[in-house]
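Assemble the whole structure, with the sequences as input and the hints as a guide.
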Amino acid sequence: MEDIHNKKFIHRDLHSGNILFVKSNASKYQWQIGDLGLSQPANNTPLNNEIYGVIPYIAPEIFNGVAFSKASDVYSMAFYTSKALSSLISMYLSIDLSSISSNSSKEYISKAFEYDI
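Sequential numbering from 6 applies to the sequence shown in the working numbering.
A couple of the hints might just be wrong.
[To be verified] The following label-pair restraints were derived from C-beta to C-beta distances:
#1 Leu-43 to Pro-65: 35 to 43 Å
#2 Ala-89 to Leu-41: 32 to 40 Å
#3 Asn-54 to Ser-92: 29 to 37 Å
#4 Ala-83 to Asn-11: 12 to 20 Å
#5 Lys-88 to Ala-31: 24 to 32 Å
#6 Asn-53 to Asn-30: 38 to 46 Å
Hints in this document: simulated from the structure, not taken from any laboratory. Model, not experiment: these values are computed from the prediction. Backbone N, C-alpha and C fix where the C-beta goes; we use that ideal spot for every residue, glycine too.
Encoded structure:
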């Protein structure tokens, strides 16, 4: 997203289907953003107030007539991130720690998913 914004563009349609985790070489993976079909220059004034995208990922101000912006892209990415992290926590909560034999592993896993709040 930083690359897109540094080129003075906004994506306008970030959601889980457009955020990809791909293998970049034999041992590395990286995040990539796909589907730039709705992207446009950040300083572009829209000719209409049409709303594009997947509703939960769209920043609330867009529904009040504010134009898509870098900030609305950040909102979409933050929504995606919170959803992804929630899924990881749900997966952890379904792990049966009694099936793990090492006490140090049990302790590590338990501490890794403790709530900080």
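Okay, the hints, checked on the actual structure:
no.: 1; hint: Leu-43 to Pro-65: 35 to 43 Å; result: 19 Å, violated
no.: 2; hint: Ala-89 to Leu-41: 32 to 40 Å; result: 21 Å, violated
no.: 3; hint: Asn-54 to Ser-92: 29 to 37 Å; result: 33 Å, holds
no.: 4; hint: Ala-83 to Asn-11: 12 to 20 Å; result: 19 Å, holds
no.: 5; hint: Lys-88 to Ala-31: 24 to 32 Å; result: 30 Å, holds
no.: 6; hint: Asn-53 to Asn-30: 38 to 46 Å; result: 43 Å, holds
The structure shown violates the earlier hints numbered 1 and 2.
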